[in-house]
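Engineer: Sequence:
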Amino acid sequence: MIYWDLFLAFFIPNIVGYGGGPAIIPLVENEVVGRYGWMSSQQFAETLALGNTLPSPIATKMAGYIGYDIAGIGGSLVATFATVAPSLILMLVALGTLYRYRDSIKVKSMSQWVRPVIMVLMGYLTWSFLGEGVHDAGWIHTAIIAAISVVMLWRLKLHPVWAVVVGLVYGGFLLG
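Start counting the sequence shown at 1; every next residue gets the next number (this note's numbering).
These aren't lab readings, by the way, just hints derived from the structure by calculation.
Since this is a predicted model, take the numbers as computed values, not measurements.
Just so you know, not all the hints are guaranteed correct.
Claimed, not checked - The following label-pair restraints were derived from C-beta to C-beta distances:
{"hint": "1", "residue 1": "M110", "residue 2": "I2", "range": "42 to 48 Å"}
{"hint": "2", "residue 1": "R102", "residue 2": "I15", "range": "26 to 32 Å"}
{"hint": "3", "residue 1": "M119", "residue 2": "V150", "range": "17 to 23 Å"}
{"hint": "4", "residue 1": "V161", "residue 2": "S56", "range": "17 to 23 Å"}
{"hint": "5", "residue 1": "I118", "residue 2": "L8", "range": "33 to 39 Å"}
{"hint": "6", "residue 1": "Q42", "residue 2": "L88", "range": "29 to 35 Å"}
{"hint": "7", "residue 1": "R115", "residue 2": "L54", "range": "30 to 36 Å"}
{"hint": "8", "residue 1": "R35", "residue 2": "F173", "range": "44 to 50 Å"}
{"hint": "9", "residue 1": "L88", "residue 2": "V166", "range": "31 to 37 Å"}
{"hint": "10", "residue 1": "A147", "residue 2": "I2", "range": "51 to 57 Å"}
{"hint": "11", "residue 1": "I2", "residue 2": "G172", "range": "40 to 46 Å"}
{"hint": "12", "residue 1": "L153", "residue 2": "M1", "range": "49 to 55 Å"}
Yeah, the Cβ is synthetic: ideal placement off N, Cα and C, and Gly gets one too.
All chains, please: the whole structure from these sequences, using the hints.
Structural biologist: Quick look at the structure:
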């Protein structure tokens, strides 16, 4: 029964909540603290603070930790699955529908419009990362990392992960 309660405590906020992790945290708190009484408000606040210090989405970290605290590894798995299940289900339904109508003129034209939008969004993301890099590390270090990345990707034809690793090592040793 505890696994079912854990599933509901995380599935319902994630199915009705909109806006990602920070938007559903109050809904999860209502379930965990108010409805089931698994934690006090203070414990929940401390768990949230700890979760915010770690990388990755806050909702899955909270689910994993609270599930583990309540019912061990099984509880952690159930709570984490309940957190990602709404997005997973929606994605599978959407992909199934797109696959079913993949030969449709409307779906093909929609796909043609999505590519430029993604390109613009990725360009904006790159530009904002460049601005952050220049602000945090300065033009010289940003230019060095960019030049090394260009050589690795275009000249040496290496996988992009190697450019990321070199950038992290450069930043860790020379900027840290």
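Engineer: Now look at each hint and say whether the structure bears it out.
Structural biologist: Going through the hints against the structure:
no.	hint	in the structure
1	M110 with I2: 42 to 48 Å	holds, 44 Å
2	R102 with I15: 26 to 32 Å	holds, 28 Å
3	M119 with V150: 17 to 23 Å	holds, 19 Å
4	V161 with S56: 17 to 23 Å	holds, 18 Å
5	I118 with L8: 33 to 39 Å	holds, 36 Å
6	Q42 with L88: 29 to 35 Å	holds, 32 Å
7	R115 with L54: 30 to 36 Å	holds, 34 Å
8	R35 with F173: 44 to 50 Å	holds, 49 Å
9	L88 with V166: 31 to 37 Å	holds, 34 Å
10	A147 with I2: 51 to 57 Å	holds, 55 Å
11	I2 with G172: 40 to 46 Å	holds, 42 Å
12	L153 with M1: 49 to 55 Å	holds, 53 Å
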